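Protein sequences, first through last, are from chains A and B. For what it's worth, the numbering used here labels the leading residue of the first sequence as 21, then goes sequentially. For what it's worth, the numbering used here labels the leading residue of the second sequence as 242, then goes sequentially.
Calculated from the structure, these hints are not laboratory results. Incorrect hints may appear among the rest.
Pair by pair, the computed Cβ-Cβ distance ranges are [to be verified]:
id, chain 1, residue 1, chain 2, residue 2, range
1, A, Ala107, B, Gly452, 51 to 61 Å
2, A, Ala377, B, Lys263, 32 to 42 Å
3, B, Lys263, A, Gly382, 27 to 37 Å
Here are some chain A residues the structure puts well away from chain B; computed CB gaps all over 10 Å [claimed, not checked]:
id, residue
4, Leu237
5, Val489
6, Arg594
Here the structure is a predicted model, which is why all the values come from computation and not from measurement. In this text, a Cβ means the ideal position worked out from N, Cα and C, and glycines have one as well.
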Amino acid sequence: MDLHLTAEKASLEEQAAIDAALKKQESEGDGASPAVATDGHAASNGLPPRSKRHLLLPVLHAIQERMGWISPGALNYASLQLGLPPAEAHGVLSFYEMFSRKPQPRVVAHVCDDIACMTHGAGSLCAELERKLGHSGSPCLDGKAIWQRTSCLGLCERAPAALITAAGETPRERVIAPAQEESISSAVAEAVGGKLTEQIDVLDPKVSAPQAGQPQLRLLRRVGQADPASLEHYRRSGGYHALNKAFEWGPERVIREVIDSKLLGRGGAAFPAGKKWEAVHVQRDSNRPHYVVCNADESEPGTFKDRILMEGDPFAILEGMTIAAFAVGAKKGYIYIRGEYPFAAKQLEKAIRTACAQNLLGKNISGREFSFDIEIRRGAGAYICGEETALFNSIEGYRGEPRNKPPFPAQSGLFHQPTVVNNVETLVNVPEIILNGGAAYARIGTANSAGYRLFCVSGHVARPGIYEVSFGPTIRNVIEIAGGVGGTGRLQAVLLGGAAGSFVSPKELDTPLTFEGTRAIGATLGSGVVMLFDDSVDLKQILLRIAAFFRSETCGQCVPCRVGTTRQEELLQRLVQRKPLGSNEQESALLKEMAQAMRDASICGLGQTASGAILSAMDRWSLFS
Amino acid sequence: MILLWGSNARETHPIFFHHVLKGIRNGAKLYVIDPRRTSSAQWADVWLGLDVGSDISLANAMARETIHAGLANERFIQHATSGFEAYRGCVEKYTLERAERETGVPAEMIRQTAHAYAKAKRAQICWTLGITEHHNAVDNVLALVNLALLTGHVGRYGSGVNPLRGQNNVQGGGDMGAIPDRLPGFQHVENAELRAKFERAYGTKLDPKRGLHLSGMFEAMEHGELTTLYVLGENPIDSEADRHRAVKLMSGLEFLVVQDIFYTKTAELAHVILPGSAGWCETEGTVTSSERRVQRVRAAVPLPGGVRDDMEIIYELAKRFGHDWGKPEAETIWNEVRSLSPMHAGMSYKRLEELGGIQWPCYDESHPGEMYLHSRLWREPLIGPRAPFSVVEFEPPVDELNEEYPIRLTTGRQLDSYNTGEQSRRFPSPLRRAAALDLSPEDGKRYKVCEGEQVRVSSRRGSVLAPVRFDPGLRPGLAFLAVHFHDEIATNDLTIDAVDPKSGTSEFKATAIRIEKCVES
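Kindly generate the complete structure, drawing on both the sequences and the hints.
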């Protein structure tokens, strides 16, 4: 347990970044008791007495954002401050895509080449960038910048997308979507010159949520209508009524109503939210701290609904979490936001500060015997951290590797304490349920899919964006709401649920987009992705990209997934290049067998679903004959 | 909450401290009470750097504060203790202000610590030689026991008072009767009934009076009452305070036998040396750890040539004295212990092996052993006698500071080395810090000495040369010497043999010294 620091020293700039990050965290409640002045006869908390490992991720972010990379010296200094062996810190550092362990230019352009962006010219965009700036991953502009390909940035409604990050004393980030070679190059040049301007108002509701302003909307009713930074606007549009009602009801009634509402989790796993709450609530006398975690690590390719909610209606998320905390007896909550969402994080930070100032968060909320704080944690480019137990490990400062279940989060979640973990969209449904009652909510939608649902419609569609419906409409209906098929106008395939979902063919468009409807055709709603591909798309390339995605995102912890995702990509490559080992049928049988092994033996959903989309496509189309 | 009092466990009990660190990581609070800001103290939430030897003042002030703040566990005090009123009267004198004067620790820190200890759900006080190597060692221990009784932090899971043992089998030595007044199983030799049990088993009469402890033996040598000494695995020439006196007395013995695995400084004086076996790897038997867990030890390597098993040597001696005890066998001897010591009765070799050790007491073969002691104090109605409070008063160290000897020297151990160095100095260690006098950087300035410079260190008893090393964990007026390197720095030339009459321990921890620059020649 000794720290075993290495000899490398941190520069003054690195030290300053780390100290500032720790000070910020400590002022937010991790602080030590104030020391009494003495003549060398006493000390309190003078040296790092215990591991502050859970602050590792914010500290790594601080170094990366200041320096553009994380040097061994900086890691050493951070380890000393956190009371953590640098070898452990290195293990965490190397887990995340967004952290660089090698000297890297301070300006980085992340250019999405994932499937939604592929339908909007990401391929030619990257080719142009290669001609102009050189290879992905190699420094350009006299070594002052670098551009690199990246997986889905969650900006699919404005594909193709790019994210520019400029490290420095005031780190800057800018989203460019839709992006062209010129806009990326000029932003990179600006950033190198130290003049990158951030787009603060990144969300254009007319583009991202085309329904904005329509009267029937519930989850999206404030998006584009109310100022997301204004608590006043939020309150005027019915905000925090639900929290007051929850206070009147008491925790038991709140939980009963949420159970009665039949609200199922919107992150992909569709577990009854009320059941989760109840399982944590029943442990309130156990003397163990309880946590509420909002899973905002929206990383499923094609998914962007949570981002729009965070950017467009942040207080609704805070209210939903506060109600959950009140119901289960939690004093502390975390929002884990994916690293690629800088503006969502800023919007929520602002909202939390405002809510604290108005006593809607913090000690004795609204004068009651109920205190609740929310801390934001940013991910750092790891798809797997959307898996709830991996997310806990990530917050705790470990590698974001999923844990075995059971025990489930309700028993042993964050810091191994009882934890409610809900997706952003799930939490935004909560105030609706409280305001109108669980039974009323359950009547919305279909018998087995209650309530409202957001769909992320992207790809070859007339008006890509986020769409809210009450459960019931079919795939065809949703495409119609989004203006019909785009591109060539001739639909080839629809991907439901993202990379971990499944393809459906145009023959299946009358399937209702409900949990039970999709299940009936062997598909899944997942995170609400509806991605359209017209007949100009080479589906084989899409499948290859999905396979590459899983190979890159496997955490490597368990063998079936680590080996399986690589073998799957190799196998697809052989098929695409028409160099099968044996016959195509043999390859296909091998793929199915591997998929079975991954489904049966992987620790988490990543491995279990890594072949789902690929097999669903091969079942529906003879792609390789 | 863990209160580490007079212990630098980070260096002296590294394995134990590993568990402490796990506790810290699980949210336990660590308070370290030690004059030096040791590497253990650096892990602590709170460090109280009291002046050497002022422990009782600090403990009594904590007690007074606990009582005044209404944090004493009155139910427990009434139920299971005796002597509280006298104790309350005694500690009433120890105001926080007085304690601040006597210990140097700010009153507010003492108050905070008292409250934290009293309010903790589970708290244990762990101590080592910082408490016991004083002229009032037993009083120091009693002062800590008082705190545990006052707050009810005893006899419950996770709470208690916990002396950390210095070797793998110090506890076992005591268990087996290597204490002047006890027979195996802590049975008092002056209790006729208990003694009779042993006499029946041994078929011989036992001396009804207690024997001498180590310091008492030296006194007896001084008075000419003790002329023959058989030393097993001990190196008093290097480990006794006031080394000059120890050498003089042991050189004057008529007959000295030393049984050891190394040719120690003591062995150099011996008339007969019996090469013994290394307990941890060359012999069969059991050891008992700090947590009272009796465990099996097995011979892993054969004895080197010319060496005999310790057990065999003693059997052979017995034979020469005219008693044939038969063939020396560890298990047979252990079964004899079980037949005579009730707290070991249930520990058959078979069970020790199956369970990976058993914590005493273990009264019969269905008894699982006990994870912690004194749970009886919480039983309704109380079983057995009440636990007594003890009235103990602060007495400063014997070796007083004055203008001539203005610096307080305290001694101790380093991570890489072990006691007199017999078992450790023969091996190189990358962690070893060379022998040096540790001073605060401020004192370095004050006495105009620089790091590495050789200085003369003198006490009222002796004088040694030592290079200086600066340790920011020391404050001005406090110096430190390790006890491991007697060939380089004979630390015990300086220390005082002021002995605690109750335990026989010398006040190694508090010596008054001065330092002088060596005159260039």
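**OP:** Please name the hints from earlier in the document that this structure breaks, with their numbers sorted from lowest to highest.
**Re:** Those not satisfied: there are none.
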